[in-house]
Every structure is written in C-alpha cells, then in structure tokens.
Amino acid sequence: MMITLNGVAKRFGGVLALNDVTVGFERSAVSAIVGPNGSGKTTLLNVVSGFCRPDRGKVLFDGGVDLLRYAPYRRARLGIGRTFQEPRPFLELSVLDNVLAALPGDADQTAETANADADHVPSLRHGVDGILRLTDLDSETAKPAASLSFGKRKLLDLARALVLNPMCLLLDEPFAGVDPRNSRTVISAIERLRCAGKTIVMISHEIDIVLSLADQVFLMDEGRLVTSGLPDDVRANRLFADTFMGTANA
Amino acid sequence: MDYLFSLLNYVAIYAVFALSLTFFSGELGLLSLGHVGFFGIGAYASAIVSLKLGLSFPLAAGIGVGAAALAGFLLGLPVLRLLKGDYFVLVTLGFAEILRTLARDLSSFTGGAYGLSGIRHASLPGVYFGTQWSQLLFHAVLLAAVFLVVRGMVRSSFGRALNCIRLDEIAYVSLGKNAFAAKLRALSVSAAIAGLSGVMFAHYTSVISPSSLGVDATVLVLCMVLVGGLGSVWGAVAGAAIVTVVPEVLARTLGTVVANQVFFVNQMLFGLALILIIRFRRDRAGRPARLAAVSSS
Chain D
1 MMITLNGVAK
11 RFGGVLALND
21 VTVGFERSAV
31 SAIVGPNGSG
41 KTTLLNVVSG
51 FCRPDRGKVL
61 FDGGVDLLRY
71 APYRRARLGI
81 GRTFQEPRPF
91 LELSVLDNVL
101 AALPGDADQT
111 AETANADADH
121 VPSLRHGVDG
131 ILRLTDLDSE
141 TAKPAASLSF
151 GKRKLLDLAR
161 ALVLNPMCLL
171 LDEPFAGVDP
181 RNSRTVISAI
191 ERLRCAGKTI
201 VMISHEIDIV
211 LSLADQVFLM
221 DEGRLVTSGL
231 PDDVRANRLF
241 ADTFMGTANA
Chain E
1 MDYLFSLLNY
11 VAIYAVFALS
21 LTFFSGELGL
31 LSLGHVGFFG
41 IGAYASAIVS
51 LKLGLSFPLA
61 AGIGVGAAAL
71 AGFLLGLPVL
81 RLLKGDYFVL
91 VTLGFAEILR
101 TLARDLSSFT
111 GGAYGLSGIR
121 HASLPGVYFG
131 TQWSQLLFHA
141 VLLAAVFLVV
151 RGMVRSSFGR
161 ALNCIRLDEI
171 AYVSLGKNAF
181 AAKLRALSVS
191 AAIAGLSGVM
201 FAHYTSVISP
211 SSLGVDATVL
221 VLCMVLVGGL
231 GSVWGAVAGA
241 AIVTVVPEVL
251 ARTLGTVVAN
261 QVFFVNQMLF
271 GLALILIIRF
281 RRDRAGRPAR
291 LAAVSSS
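So the protein sequences, as listed, match chains D and E. If you count the first sequence from 1, position 55 lands on 55 in this note's numbering, and the numbers rise without skipping. If you count the second sequence from 1, position 234 lands on 234 in this note's numbering, and the numbers rise without skipping.
Just to be clear, a hint being listed does not mean it is correct.
Selected chain E positions facing chain D (Cβ under 8 angstroms, derived; list incomplete) [as the list claims (entries may be wrong)]:
no.	residue
1	A171
2	V173
3	S174
4	L175
5	G176
6	K177
7	N178
Using C-beta positions, here's what the derived DEER-type ranges look like [what the hints assert, rightly or not]:
no.	chain 1	residue 1	chain 2	residue 2	range
8	E	L77	D	S28	40 to 50 angstroms
9	D	P104	E	L77	19 to 29 angstroms
10	E	L276	D	C195	53 to 63 angstroms
11	E	D216	D	R74	39 to 49 angstroms
12	D	R53	E	L77	13 to 23 angstroms
13	E	D86	D	G7	35 to 45 angstroms
14	E	A144	D	V15	51 to 61 angstroms
For the record, the hints were derived by calculation from the structure and aren't laboratory data. Each residue gets a CB set at the ideal place from its N, CA and C atoms; glycine is no exception.
Based on the sequences and whatever the hints tell you, model everything.
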C-alpha cells in the first residue's frame, strides 16, 4: 500500500468527521473516494496531507513512514502532492510563475530564481513544459492566474502539484465546476500519471467518471468507510445507489 | 539651518523604522503593532552598553541590532506558529506594551520613567558625528543601505516566497515550502532593521525613555507606512517624510501652540490618513483590502 490509515478519528466540535477509519490506497492505482456531502472525504485527504491532525490513529506512507511525525510541507517533500476543492493558485502571478514557484530546491525559492534555475537546467525546464502541455496550459503561460476560468485554475493547481513529481497525488474534486473539455484534460492527465506509476487518490461526485477511471472505489458516509472494492462491486451497494441514483445509471 | 538638518535627521531615522514595518507587513500581509518594541530594544540595548560598559558606537549598535533581531526571532517562534490575522496583531501590540512597561520598571538598567540620557552621538573609528549635518550624512548613508537591502530582499526569491505566503499560505505549504521558517526569518530581519532605527534615534537624541515607545509611536510609524502605501519601499521613505515634515510645517505656520493644542495637527493627520486608507486601499490585485492579515483565513 502507498498510504494506509489505521483507526483514524477526527472530531470537529460535535461532529465526528472521521470515525475509526481504516483504509489502504494501492500503489500505482487510481483510488476514488465517494460519498454524500459531509461524509469526511476532504477531512481524510487533509489528514493525509497534514492540514488536519487526527485525534487518534495512524497514517503510514510508502511502506511504513509515520506521516503524523511530519509537518504538511515535509509531507509534500516526501512525495505527497495535492490539489484543493477550491483551486488556490497565486492569483497575482502568471500561470508560468505559479508553476515555477513550485519547483523544489531552496525552501524559499519561488518564481524568479526558479525560473532562472529552470532555464539553466534543461531537465527542469523540460519537465515544466511537459506539465504545462499535459494540463493544457502551455498556450496560456503568460496569463495572470486571476484571469483564468475556474476549470483552468483547477488545472493550474494540478500542474503546480505535478512539479513536485509526487509519488502520490491527492485530488479533491478535480472535476467539480469544470467544463467537459477541461474534464477530459484532467482524465487524460490522470490516466497518464497512472501509467507513469503514480498513486492517485481522488474525491469526486462525478460518478460516471469515477466508475470508468478508478481502480478502487471507497464509499464513505458520516465519517465511516461503508465499503470499498472494484467499481462494479461498490456500485451494488445500497447507499451508493441511494446517494448517486440517477447519476450512476444515467 | 540646524532646524532643517534636525528635521531631515528625524525623517531618515523614521524612514528606516518605516522600512522595517513595510517589509514585514507589506510582504507578508501580517500587520505588526509591535515594531516599536524592537525599536525600543535596539535603542535601550545600544544605550545601556555604551553608557554602562563604555562600548564604542559600532559595537553598541551591533548589540542593539542583534538584540532586536533576537527578540523578533524569540517572539516569532511561538506567535508565528500559533497565531494569524487579528490575533497576531493583538499579540504584537501587547508585546510592545510589555516592553514599554519593562523599560519603565527596570529602572536600575533603563533609568525608569526618565529613561537614559547622555548617550553619545554616533561615531566610527576616527570620525565623530557631533554636528547636525554630519549626523544627517551618517543617517542618509544608513537609510540608503537599509533601502537597498529591503528593496533587494523584496525582489529576491525570499521576497517572492513571502509574497506567495501572503497570497495563499496553505497553497505555499502544499508545495513543500516551509512558510513558518520564511516568516520567522522575515520577522527577525525586520526586527533588526527596526532595532537599527532605535539605535539611530537613541544616539541622535542622546535620550531614550519609555515615552518614546508608546502606542502613539506605533501609530506614527503605521501612518508613515500606510500613507506611503503598505509594501512600497519608496512609499515608506515618502511616508516618513510626509508624516514628519507636514506637522512641523503646519506648526511653524500656525504656531506650535495653535497647531498642537488647538488643531491637534498630528492627530488630525493620523485620523485623516487612516480614513482615506481604509476607504480606498486596494490589494495588489485591485480588490478592496483589509488592514489586518490576508492570511487570517
């Protein structure tokens, strides 16, 4: 397993966001977490990426690294990239500067020096160019991020996360609010990343995409893992049918 | 002529102070009301070691700047890790008030409410800056050096990193960057610069007392920064000049008593500046901006 959660619980006031969740995400596979709103999906990603500390339980990465000992930025350096439900580009920077700001190196390194480094190290520059092509942003590099559509901002988030060359990518609602053309770009990127051996964990309500793209599906409700397995197996679950009825069968 | 030189000396000292605040608060979007504390630490530390230990000015100034930087580092260790937005603003205000109280109550070191006097003017080996114009020259060189350092930092990868943190700290961290370390470094450097302005003040006026470290001093430097435009390096210098010179010009025009006791020129200027800034201030993307931190989310 690339990521394993053992007995993880997290409470926000009177709400039990995660209730003794034990789950494992396979290496080099696309795992999809589905479930009704408020079922704890984003909290689970936040626990893995370090933006939320669980009350109890263990989170292990890459065969036994105890993630809870690492701050969020160190988890990213370990190889866990992520995007957010609401895209978070640096709005005042250009598309290219956003991507270059993510280049690894000096902890304080961002666009200006990163740009220079990328120019001097062909492999870095090549990598950035490839990522921009993969996310269909290569013709918009000079645009300010603030001028991008919602869907393009999501793609920019994805591009920026890929610059880290993560072993594992956590995608929070990568298709929500994204038009069909940009959704196809995201799907294509995910398929290519899976072929490249990356582990993808994504949250999505786009059930058609989930069922066709995911290798494993995890159904959550009220902070608990209800069931998991192959897409067709999970599809047979009653809660899944209740939650996504009309979408799944469309 | 001495009056003009004196005024310009104060402009230079306050411009250095304003640069320290505009660098930290402008780049990071974290409003600090505690920089007068670093100013005070620089002033007192330098004054104490030069008066009580007889250290030379360069050594005393180095100790003053180093003490302020250390204070910034120690304050930042818990505060930058735990607090954001309005809570950060309140703690920095409290920090400055605690230091002012300590300066008043630790009278065996600080001279109590009367402060320390007889502090020697700045000097370098073989050079004593004893006249107004020589002090102005010295302060102008220090201001130019600080200006170049701050402008260099703003344009460097360090400044870009702070800018990214201001824009979205969570996104910055998710890219494997250590935002806390960058913020701590920024506060330490900024505190060092504020400490330098305190050193300049103490050795120029030859006096430092708790009355120089009150909330009014915080408001004064905040006005300088805001008048010039938060985050603007040139603006900090211009703001220091405007906020220092305008009340003096009005006082000379109207008479000191009329200006300060009838029209309350300083307070009116501060109030007017704050109203205009709050009404019209925009962030760098052109949106209405808050005075407190953008990173409070």
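Verification of the supplied hints:
1. The beta carbon of A171(E) is positioned within 8 angstroms of a beta carbon in chain D (closest approach about 4 angstroms), and the interface hint is therefore held.
2. A cut of 8 angstroms between beta carbons decides the hint on V173(E): the least distance to chain D is about 5 angstroms, and the hint holds.
3. Annotation: interface hint on S174(E) holds; nearest CB of chain D at approximately 6 angstroms, less than 8 angstroms.
4. A distance limit of 8 angstroms between C-beta atoms decides the matter here; for L175(E) the minimum to chain D is near 4 angstroms, and the interface restraint holds.
5. Proximity of G176(E) to chain D holds as hinted, the smallest CB-CB distance being about 4 angstroms (cut-off 8 angstroms).
6. Hint status for K177(E): holds, given a least beta-carbon distance of 6 angstroms to chain D, under 8 angstroms.
7. For the restraint placing N178(E) at the interface with chain D, the shortest Cβ-Cβ distance is roughly 5 angstroms, inside the 8 angstroms limit, so the hint holds.
8. Checking the proposed 40 to 50 angstroms range against L77(E) and S28(D) shows it holds: the Cβ atoms sit about 41 angstroms from each other.
9. Roughly 26 angstroms separates the CB atoms of P104(D) and L77(E), a value that falls within the hinted 19 to 29 angstroms.
10. The beta-carbon spacing between L276(E) and C195(D), approximately 58 angstroms, falls within the hinted interval of 53 to 63 angstroms.
11. The supplied range of 39 to 49 angstroms is met by D216(E) and R74(D), whose beta-carbon atoms lie about 44 angstroms from each other.
12. Roughly 20 angstroms separates the CB atoms of R53(D) and L77(E), a value that falls within the hinted 13 to 23 angstroms.
13. Between D86(E) and G7(D) the beta carbons are some 37 angstroms apart, a value that agrees with the proposed interval 35 to 45 angstroms.
14. A hinted range of 51 to 61 angstroms for the beta carbons of A144(E) and V15(D) is consistent with their spacing of about 57 angstroms.
Of the numbered hints listed earlier, not one is contradicted by the structure.
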